[in-house]
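Two chains, two frames, some hints: make the complex.
Chains as they are written, first to last, in my numbering: chain A, 1 to 661; chain B, 1 to 175.
Don't read these hints as lab results, they were simulated from the structure.
Do not rely on the hints blindly, as some may be mistaken.
What the hints assert, rightly or not - Computed Cβ-Cβ distance ranges for the label pairs, DEER-style:
| no. | chain 1 | residue 1 | chain 2 | residue 2 | range |
| --- | --- | --- | --- | --- | --- |
| 1 | B | GLY87 | A | LEU452 | 21 to 29 Å |
| 2 | B | LEU123 | A | LEU82 | 57 to 65 Å |
| 3 | A | ARG157 | B | ARG99 | 40 to 48 Å |
| 4 | B | ASP41 | A | PHE154 | 55 to 63 Å |
Treat the numbers as computed from the prediction; the structure is a model and nothing was measured.
Heads up, the beta-carbon is just placed ideally off N, CA and C, and yes, glycines get one too.
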Amino acid sequence: MIIELGAFALILALALSGLQTGLAVAGRLRRSPVLAGAAEGAALAAAAAVALAFGVLILAFAVSDFSVSNVAANSHTDKPMLYKISAAWGSHESSLVLWCLVLTGFGAVLARARGLPFGLKASAIATQGVLGVMFLAFAVFTSNPFTRLDPAPFQGRSLNPLLQDPALAFHPPLLYLGYVGLSVCFSLAVAALVEGRAHSSFWPAWGRWVRPWALASWAFLTVGITLGAFWAYYELGWGGWWFWDPVENASFMPWLAATALLHSAVVTERRGALAGWTTFLALLAFSFSMLGAFLVRSGVLTSVHAFAVDPERGMLLLAILGVAAGAAFALFAWRAPQLKGGGMFAPVSREGALVLNNLFLTAACATVLLGTLYPLILEAMSGATISVGPPYFALTFNPLMVAALLILPAGPLLAWKRGDMRGVAQRLSVAAGLAILIALLGWMAFEPKQALSAAGIGLGAWLILGALAETADRVRLFRAPAAETLRRARGLPLGAWGMTLAHAGLGVFVLGAVVETGYRVEAARTVAIGQSVQAGKWNVRLDDVRMVEGPNYLAERGRMTVTLRDGSAPSQVTADRRFFPAGGQTTTEVGLDFRGLDDVYVVLGERGRTNAGEPAWSVRVWWNPWARLIFLGPAIMALGGALSLMDRRLRLGVSRRKAAA
Amino acid sequence: MFPAVRGWLRLCLLVAAVLGLSIPAALAQEPPAPPDRPLPDAAQEARARALFDDIRCVVCQHEAISDSPAGIAGDMRGLVRDQIAAGRTDAEIRDDLVRRYGDFVLFSPPLRSGTWLLWFGPLAALAAVGVGLLFAARRRPAETVPLSPEEEARLTGILADQEIRPDPDAKRSDD
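Just chain B, same shape as in the assembly (with noise of 0.2 Å):
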């Protein structure tokens, strides 16, 4: 895993590194992404614009399209543009995404055997901290053990403090 993890880590630096340098031109090998062209049609450019959103650009170091400058994050939705304008559904290009990139390129991961836990886990959490603190809140009181003459006389101590600034409302005994 290490590995695997380092060496993308190092083609996004890299990728970072040659992108970000314009200034002097000399240096700048990769060109820059090429200008978007967005669709004619509002409605399909809308379209194209959610799905950025939840398209990862596949060099990048967790960015989406949307928001990555990277040469590849341009061409990527360059596809997804002219896949729409072609009149193909949100599902399918996704599935041409995956296809061509693996699940990786999606930043909502499909729901399929390896996922599942995923998907389900935050309601197997919300389950298990409702046990949890339903055990904890049902504990049957615990007899009270008689102060001894110090522990008293400091208790009394730290609860005089609660006085200090008196809620004229003290009714309640919340505050």
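Chain A with its partners taken away, still in its complex shape (with noise of 0.2 Å):
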């Protein structure tokens, strides 16, 4: 019975939905307060229907409801209680409700909003309405979650083990957080166009309403992606954390157009010049987390994240990709002409920086859109098939990347409308000195020796430099008394100091991806009992392998002593290698020995054999120095979005709080 109210909740969502868009489009055409306030009820309870929805689905899987098909498929009693909630998102039909949850949510949190124009709030939830209506109609018609088995089985077929991690449970909400927060800065977009205000106060008002969602959004897009990484590091048990998969790209390329839309707004927001740019973008980076959903959940893709969907339903999802990006761009291209207004800048200034920013962000964005999409449009014009990965895009990804993070510690240090030059040069000149001297350090104290490794630590210490010195000079750093410097910091907004995190979490995780690359070392062995293998100055020597019986699983843990090789230093690790009975398969839990920034990575392979008969297991031992950084710095970067979303000047409402008071 609690089942079926959940599937009348979905449909009663979808009502509200399309009843939404209609009230906001009636209350906008006919200038109607009362209209417009129904839609943003409608709105509201929209979102109300779609969590009820989502809680009885989360309710069945924790009750382990078998007689619903999604359950049946995807759980399991034995499964801890994490995962059988988790499993409420490890499917194509219920993550669409997590969705439809969020894209919901934020609707309603847009409706709540205060201090937006008539027209535009209008506008924008019209908009939103629509992306729900379709969404929710995909959901409801084609994707069910509450489908009912008769009978019901007795025992369900469990998830996918390799998903049962609490990085994992995690990861899909965040970048559903992120994806979909996206569609409200698609609908600002929207709405700015067909309200199209050509007034020089419209524009930095609209980048102030855009920006907090496109923050938000990306920050997290940037947790989702990490988790979801480090995930791949330490659960897949092959020692990478990124591997140009065409599912790691569809999450990658809305990331890149947030980030370029998060730069982009700034500029509208203080200057109101590149009004029609932001909004192009604003546009494109949700249409990028709608292709994400579709490669992930047509089935075109093979990936070890992808849902396998039928063809039938990726059509559709094609299909609303196609109705919503292809009006969006096409009212774009009918009303952009119009967008005039902003001012002037000269090309040294902070605009123009970050000018150039969008300029290489959005092209790096653009070939990883052709790096993931090329193979599959070759196959399906030619027959031919080819494989795009790693080399390809550290020949075409990195260079332009590489170019952005260059030019990236001056940005902030320009003034708007005309930069001096020569006084970046003066301030950078310190930080650019450091960042020459850590390279060559870089070169020297890592081996085997390689320039291009030592030139990208020169250039992640040119971030995090680059960005001190950004705050240093703002608060007059050993320039001022001390007094003096702590009152400037106190002042500095908190906008800036998240600035300042950001593109030094950035430095970290470049810091951290070019060591790892670099100069990690690996090597496996077979060994008995008593055995070692040795990796770069670490010695894994295996004590001992017992059975172990999980709560879903039955294991072979090794226990292991990592040591360096002079025996100093001893640490204990376990690594197992699970099966998994109801869905037979097996996985690896790797064994990570952190010392330090390094990681010693440890997993535990097939039994064998010696030669002398002896029970042996294949190790597999990785040395991957500075690996936390990979981990860390995107953390960092995490925290200073979030840092500058509690600036208060890009609360909304503020002044009117203030009115009141």
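Right, dumping it as structure tokens:
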């Protein structure tokens, strides 16, 4: 009964989203605050209905109601509660409900937002309603998660054990908050194109409304993608964290577009310039989110992360993408030439630097799109199969990003309208000198000697030092008395601190990625108990292997001792090889020994025999130098985004509260 | 396109499922990858490892043979090492793999008529985005429409927020 309530709530949400669209359009056309207010109410109700449906779904998973086919296909009574619940976004049907929940939830937040002009708000709510109708209709008519089974099986088929992992339990919700958060930017962009006011006070205000959404989505995407990379790093057991897999790319494209949007929205907000470009990016970012949904759910991609779903539903998702993005870009092509306005600026200026940022980020995004779709299109057109992988992106994506990162530290130091290149060079000279020094030190310290990796270390240092130099410059560090510096530091807006953190975090990531990729050492050997594998300066000895029984798996658990080659600094790690009877799958549970910034990464492999006939296991060991930084960097970036979000200047409705006080 | 892709997917799932089962030994149908025998010469082994990263495991989901636990990946690693030991160049080894498995086997697609757009697309994208941005940035400023008194008041309200946490270094207008 309660399941039918969920199904009903989902259908109700579809109807309410339709109502929201109709009322908002009517309210806008008749300039009726009553109708527009009713549309806002419908948006709230739609969100509540989807929340109810999702709650019912969670409940069905929590109590293992196998009469629901989605639960039977993806859950099992033996699973720990966390993975019973996270199975609610482990399949196509139920994760689509989560997608709709975020979509309507953000629609509700938009409906509650204060300070937006009447027309813009009504148009945005109408657009958000159209998106809700399309995705909810898709869920209700083709992917209903509440379909019943009769007779109900006694046991479920369980969730893919690779997905039974804490990082992956939280990865999809965070990713969806980011993906779908961009829908609000999309709706606000469509609304701005519809309302299309050319006078100069409109666009700075619009930039201010869009930026928090872009910022929040970007921060969620950053954390979500990083969790996914971290999961791939320690769960898949091959020591990699990013392989330019098509599904990884599908999440990376919205991130790149959102990053570009974030920066161009600053120009629109502060100077009213680039209005057309910013709206274009806002449309593009959510279009990439929808493209990602299509790629992951249509079955056109072969990937570890893809939901294998049938092509018919894929075609429907493609149709949603085509209709939404097609209509929005057609509107853009029609209205954009009329979007005038904005301040003029010299090429060397803050605006100029942000334009260059957008140039490289958008071109990099197009490169990822090309590399992801090209094999699919080529195969469809000529039948030829090719693979596009890391070597391609190293030659195309990396140079674009390096160019963007090289100019990055100069951007925040340039003044608006007209910057002073020489002054900026002076203020960055110490950072540049130190970065070159660090690159040289890196070249000397790491073996084997690689000029390119050393240059990458210098680039990472340049980003961190450049960000610090900018803040030091602002607070007059060492150039004013300490009390003055402290006063200035306290006076700096949170947004400035957020930017510094985000840019420095990017540098931290670059350091980790460059050092890990350039200098990691791998070793593999079949060892009996008591024997060792050596990787670089580390020695890993297999102490014993035991069978253990987990809640829903059996495992061979290897205990190993990691020491330096001379036997000092011992530390214990365990690595599992788990067998899940419910799905008949085996996973590896990597042993990670944290050594400062480095990881010693141990995988227990197949059981075999030594030549003497003793039991032995193949053990693979990686020494991943500075691997911590790969995941720490994005965390710092997201923290920077969160700090910026808390900046009071970005909050809507502040002036109203102040006026009331 | 779809059936082919789904065929791959099914094959991969099958391989993954079969490979994984070593604890219930009775289910292990496919032998695991033979243990790797690194080449004795360190320089040759380094070349082999560099090549492994560029070669796709042909039954896997977007994995290089350096990373894949699949049996065939082990065979392919052995093949590459044998050829290096036999004195073949990297280019010869790549060509040989492409003859056996097609272009699919290399993660960096060869430059030919069909992939021309792939390799030069990023440059074209850079140029196109550059033109778009130039167009966006070069737009003439609009004539300012005078604000109505209410709009003026609202703008003042919005701008007032700017002063909530004033930067002491407020000579610059950028924060």
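So, going through the hints one by one against the coordinates:
{"no.": "1", "hint": "B:GLY87 with A:LEU452: 21 to 29 Å", "verdict": "holds, 28 Å"}
{"no.": "2", "hint": "B:LEU123 with A:LEU82: 57 to 65 Å", "verdict": "violated, 47 Å"}
{"no.": "3", "hint": "A:ARG157 with B:ARG99: 40 to 48 Å", "verdict": "holds, 42 Å"}
{"no.": "4", "hint": "B:ASP41 with A:PHE154: 55 to 63 Å", "verdict": "holds, 59 Å"}
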